[in-house]
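Student: Each chain, letter by letter, is given below.
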Amino acid sequence: MINWIYLTVALPMIGFLINGLLGSKIKNEKVIGIIGSSAVGIPFLISVVALFELLALPNDQRVFNVPLFTWLSSGWLNVSFAYRVDQLSIVMALVVTGVGFIIHIYSIGYMHGDKGFWRFFAYLNLFIFAMMNLILADNFLLLFLGWEGVGLCSYLLIGFWYDRKFEKSTTSDAAKKAFIVNRIGDFGFLLGMFLIYITFNSLNFAEVFSRAAALSIPTYVFEFIAIFLFIGATGKSAQIPLFVWLPDAMAGPTPVSALIHAATMVTAGVYMVARCSIIFALAPSAMAVVAVIGLLTAVFAASIGLVQNDIKKVLAYSTVSQLGYMFLALGLGAFSAAIFHVMTHAFFKALLFLGAGSVIHGMHEEQDISRYGGLKKYMPTTYITFLLASIAIAGIPPFSGFFSKDEILWHAYINGGLFVWIIGVFTALLTAFYMFRLVSLTFEGKERFDHHSVHPHESPKVMTIPLIVLAILSVIGGFIGIPEVFSGTGGNLFSSWLEPVFKTANSKIHHFGLHSHFEEILLMALSVAGVVFSIWLARHIYIKNTRIADSVAAKFKGFYSLLRNKYFIDELYDSTVVNPIKKVSENLLYRINDVKIIDGAVNGTAALVDKLSALIRKFQTGAVQFYAVIMVFGIVVALFWILLSL
Amino acid sequence: MENNIITSVLLFVPLVGAMLVLLFPQKNAPLIRFWGLFVSLVTFVVSMVIYTGFDPSVSGFQFVHKIAWIPSLNITYYLGIDGLSILLILLTTFITPLSLISSWKSTGHKVKEFTFFMLLLEVGMLGVFLSLDIFLFYIFWEAMLIPMYFIIGIWGGKRRIYASVKFFIFTMAGSLVMLVAMIWLAVYASEQLGSFTTNLLDLYKVGPNVPHNIQSWMFLAFTLSFAIKVPLFPLHTWLPDAHVEAPTAGSVILAGVLLKMGTYGLIRFCLPLFPQSSIQFAPYISVLAIIGIIYGALVAMVQSDMKKLVAYSSVAHLGFVVLGIFAFTEEAMQGAIIQMVNHGLSTGALFLLVGVIYERTHTREIADYGGIAKIVPVYATALMFTSLSSIGLPGLNGFIGEFLILLGTFKSSVLGNWWFAVFATSGVIFAAVYLLWMYQRVCFGKVTHDKLNKLEDLNTRELVTLLPIFVFIVWIGIYPSTFLRLSEVFSNSLINYIMKI
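These protein sequences, in sequence, are chains Y and X. The opening residue of the first sequence carries number 1 in this note's numbering; numbering runs sequentially from there. The opening residue of the second sequence carries number 647 in this note's numbering; numbering runs sequentially from there.
Keep in mind that the hints were calculated from the coordinates and are not lab data. Please note: incorrect hints may appear among the correct ones.
Covered stretches of chain Y, as calculated for chain X (at least 3 residues, CB under 8 Å) [as the list claims (entries may be wrong)]:
#1 194-206
#2 351-361
#3 476-486
#4 573-587
Think of the CB as a built atom: it goes at the ideal place given N, C-alpha and C, for glycine as much as any other residue.
Chain Y with its partners taken away, still in its complex shape:
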């Protein structure tokens, strides 16, 4: 089946073409939904079979290259449409097609009755196509095709309801912002690729990575490459300073937020850095930058999440924050921990978004949590699954989020030190707090909605079954990565599966001395205790004593408004970058330089010629006598000239 892996790319493309070209004629939602879902479901099955084929092989032989045809060749450049199946890409493929399939099914229910039903499924399939290219590519250029492709789909799906308003502007503003901010990141990615090309004379992963490990190339080259690639990652994975597009991306339909803006696309940056682990491992300063940016983003976004009232906004900032966690792991050299968190996060965050979608669906498009309350009796399945996901993201053992988060925190401690660990745990406390604030305000306490106009109801089975499946994964998904301290000699299954991929990188990174199991368990216990307290606090405030929240907000008015307004980052970018560029282009470049200076010079020359001619025309009197006089005068002057020069 591994040799057929290109089907996992081709089938979504076929699904896109069928639904995209014929969808408006098919009209039948069921048919469109089945085509769209099977274009992802079959690739999932293929990936599962491929996984078993890999499992049957010894750990160091689990790399396959499936070339299709040459894409671009010129000079040293020779890249193909070729797919690489190894431990890392198969994990990603399973997550993307698996979670993707579940969300496709859910969308059949969620998008029911929408005029653009066929268009929605076409775009979703196109997204899967691009995403599969991104993770299966065996070279940077093909990865970039997927990278830009998912960006395009994100653009198309954020602006899916292109005639709707979104907050202060429109959905299409949000879509455009996402595309352009991502392009800024891509600018960095492209430069990284160019630098890789001139350093290693190739863009193929196998060649680049083996040369990076073998050749003696000055460190600063790796630092540059790593930083450029990381700029790309900050765009796609919404890190400081390019995270601003992701909260706005919530303008898209909720399944899109779940699939693209939580579970899969936004983790592309994490995947890319992990894929290039060897380059990053050889760039210590760049690694530090990755870790710092990740940590800052994690705590920064979590703090904003504390005070948002839009259910999707809370989850969006939570996603930014969790992605920060993953980059922290990458920066600390814990590559497999980062990928582990990608996976568990895909389960519980997709579930949270789908749950939010179910709530929004049941509440007639209302997204403001201050107008929810007490919904658990109306939507029991949604409530239970949402609660389980919240426990998972908060990191309560033995839920999936606990294992992946704990592994990152442990690396924060041993590679980053106590201070990094403290900030990491602090972020975890904030996470637990805003999640249970969300759960409490939505499902518990008083019903704050208008009973006359809103009749909350549970979603249909086509939506709740996906919730249940994801809930199961969120609960048990962490068991494949049980840390050594519990599993004993078996070690961590997940990280030993990925071990060959990161082997070279790990050998280049200096890991600090040994730590005892006691330390590990102590830190774990501390963070879990903190999280439990945080959950208790959130429930205490938002179920029973809502006044506390108001009085705290009133007391720290300035800080509260800073958080509510997301630290005014959007306004800052608008006033320092966006508006000046527009003004300069309009006034200085176009109106002054083009119109006044250049055209002024051209038209001025024409006018000058015109004036000169008018002057000369005065001599063309037509009177022969006048010509004769001039002629005689000329002869006289000429004669004098000759005489003088003799």
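Chain X: place on chain Y using the hints.
Tutor: Only chain X this time, still in chain Y's reference frame:
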């Protein structure tokens, strides 16, 4: 070398076709239109015959046709095709019939003259790409201005006279300087080779021996003429005016083929004739090209007229091509050549699409539109697709050219500095800004004007003009080897030749 008359057939089919148009009765517009289309299609078929016989592994010229013309001055009628010109010839014969179909309805009056000038224009363009004698080249180069002048001046918009005169004067000014340089070069050749010659292949041997300071002047004279045509910043201001006033077919040809004559000239003449000066001036020209990339994009962003926006985007795109030419690496040269084709396809299609909507509403102001995606979904999809191609989305054609150019620029030892590539790469951000912003204002949001509700979607004729372009946009994006292999030997040997000197 054996004479191959098929190149002359290619040139004379549209010429004879144009002459015969004059015999048709003025009133029978449909007949004239079909005749024009027929002739341009026959030309296309001839070019396909040439394509199938073209051997990309051969360096140098194929299908050569050479006849003594003015023996006293050793001037020859000398045609030939190599890896550089084959793509541009195919582009020309491909775009011409499409632009004729596109103008099926819009040129209501003087169809006969219009068809005549369009075919004549094709002759001029093909002649420019085919000529291997600089005298012959110059004749085509100048002759081609005439039909374009009339196409803008007769079928253009309100300020068509201003635009056509500006177009004419700008181009003419550059050409005259080039003419002087050409004559000087031919005279110099008589000292070196013993006889006055305008044979380009002979001049190739002479040019590099021209004393350094004179060579600089020669190079600048040629480059000025070509740079105006490209147009390179700051010589670009004729272009927006010409585009805005030109009828759709004129814009399509102008963007699709005419601008490429500038970049073609740089590669065909400036580089091999004056290699030392080319390298010497490369950094300066590259700086202008990069300014053009960023400047064109920024100014495009603030345009309120759709055609002007696309026109300024051409300045940016052609900046990439010029940068690729002067990076002196195989990747960049290959990128520059394929990017000429790409720009012809993408920008040609953009002008077609603007023309489609202009025909229906008679306005090109972006502000007069809004929310039309709902009313004309097929049109909106086509516009999105074309914009993405122009933005340089991987998988479509524009990316291939831009990527190769930037990669080659980064690698360039002549420029010897990353900053060229870094600044040029920032152009990919701005390209997304101006096109997506225009798209948003035209297609997204609520329907802003009631009369837009009556807008009709693309009809069959319009789809017929667009679909062939779309096929190539995807083809070049996914499997560019079909096209890159044609110019590979050419690029490789040119770069090797110049870098050796």
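Student: Can you give the numbers of the hints that this structure goes against, from lowest to highest?
Tutor: 2 and 3
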